[in-house]
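Keeping the supplied structure of chain A fixed, place chain B upon it in accordance with the hints.
There are 2 protein chains.
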Amino acid sequence: MISANQRTFITSLHLKKYRQKYRNFLVEGEKMVGELLKSISGESSSGFSMVALYGTKRWANENSGLLDPFYAFFNEVEDDDLKKVGTLTTPHGVLAVVALSEKTTQPTLKPGWLLYLDGLQDPGNLGTILRIADWFGVVGVFCSPDTTDAFGPKAIQAGMGACFRVNIQEDCSLEEVMNKYPQLPVLGAVMEGANVFSSELPSSGILVIGNEGKGIRANQMQRLTHRIAIPPGPGGGAESLNAAVATGILVATLTNKK
Amino acid sequence: MISANQRTFITSLHLKKYRQKYRNFLVEGEKMVGELLKSISGESSSGFSMVALYGTKRWANENSGLLDPFYAFFNEVEDDDLKKVGTLTTPHGVLAVVALSEKTTQPTLKPGWLLYLDGLQDPGNLGTILRIADWFGVVGVFCSPDTTDAFGPKAIQAGMGACFRVNIQEDCSLEEVMNKYPQLPVLGAVMEGANVFSSELPSSGILVIGNEGKGIRANQMQRLTHRIAIPPGPGGGAESLNAAVATGILVATLTNKK
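Heads up: the protein sequence lines correspond to chains A and B, in order.
Going by this note's numbering, the first residue of the first sequence is number 1, and it counts up by one from there.
Going by this note's numbering, the first residue of the second sequence is number 1, and it counts up by one from there.
Check each hint, because a few of them may be wrong.
Just so you know, same-sequence chains aren't split out, so a pair can sit in one copy or run between any two.
Stated by the list, open to error - PhoX-like, lysine-lysine: derived pairs with alpha carbons at most 25 Å apart: (1) Lys38 <-> Lys214; (2) Lys154 <-> Lys214; (3) Lys31 <-> Lys214.
Hints were generated in silico from the structure; no laboratory data involved.
Same shape as in the complex, but just chain A:
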């Protein structure tokens, strides 16, 4: 059973406004909640803490090992209850309400590559970019205030749990990131940039990723120290690449230079 109050609270978290107000967000489905529980068990260093866990009897039985440290948060419910409060059309056995700790806003970062997302709109792209960051060991992902929410339901699904492992800081300006890491060069992909495959490029830096349709904003453009590009192949006819694919190619190439 989920009470009417709980239901109101959980469904409010479908919206960014309430996620920001309460600093809580939802994680849905066996796969994503599994990633979450793994990332916040052990040392609670991940910056997240459990608020409530709603799962079916079947889910609890099949995941008793994972559930054990979180039993105090657990409420047994039916799939029908999950359907009423979740965003998935077919509920997958479990839903968690998670709090973002204040700590996540001040990660201490090792040297390496950082991403700055400049007005990225599509939550699927954002989740996919976090998955890229997670794969290649990008040390931090910073989001402009108008970038879609990394903790929205679609971004979390697309990210396959990457948001629990990657250092994410939302609502920050490129200037702040540059002030925090003044030694780092700032790279961005622009049409007439240098060929990323053949150019001499730095071994660490801030890579700026622009909006899907408009690219990097004009006022950020002037902050770039290196303008790079993914040149089209001979006979290529596309106008552009998908933003997450372009990010994948750039991060893969930059982290595997030489």
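Relative to the frame of chain A, chain B by itself:
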């Protein structure tokens, strides 16, 4: 006005079954129809032909140049009519019914890179992969019989018009492709494959892309002449990359070697 018969026919094309039966498919929205009209005007060498075009007065006025050669196919309708027959929740002024000519099944391909999609399930990934193929000038994309339809509405939207420019052949086996191009090596990404960034690799070939969850099928695996991998970065924690992102990184790296 769209008649009841036309409406039944157009909505039937939401389903792969009827797209295959009639060899017709839908293209929706200003952007995608614009790409379509550009690709099939001029020489009708693209393998597609117009069946019917339904657009609002506003769309027709704003696109009179593009519309001109297709005026015989044009029916003026209201946005509300489009909503009843299309798949977009917000209709974007125009919808086209297009026929696939038989010609598209036998393209003559230049030497270069081919993709074989082995059980790819997500239409968004398929469209994004066609966009990658289009950008890097991949000479042909072949799809296994159980790969999602390249001419389904979601794949077309994600592909941003790439399906009108890339040579696509659906419903074929890897064996057929290998028989047709016996001189080409066959590459596939597998966990324990050779580092794609640092290995000596061929300059053309067939790149096999596996299913999102399961990867390349066991019986295809034995046909690979080169097993490659995108190694995770130091500190990377993701289980895998998105299928389209991995394809983008592999195609970009293979087409930009040396």
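Which constraints among the numbered hints does this structure fail? Numbers only, ascending.
none
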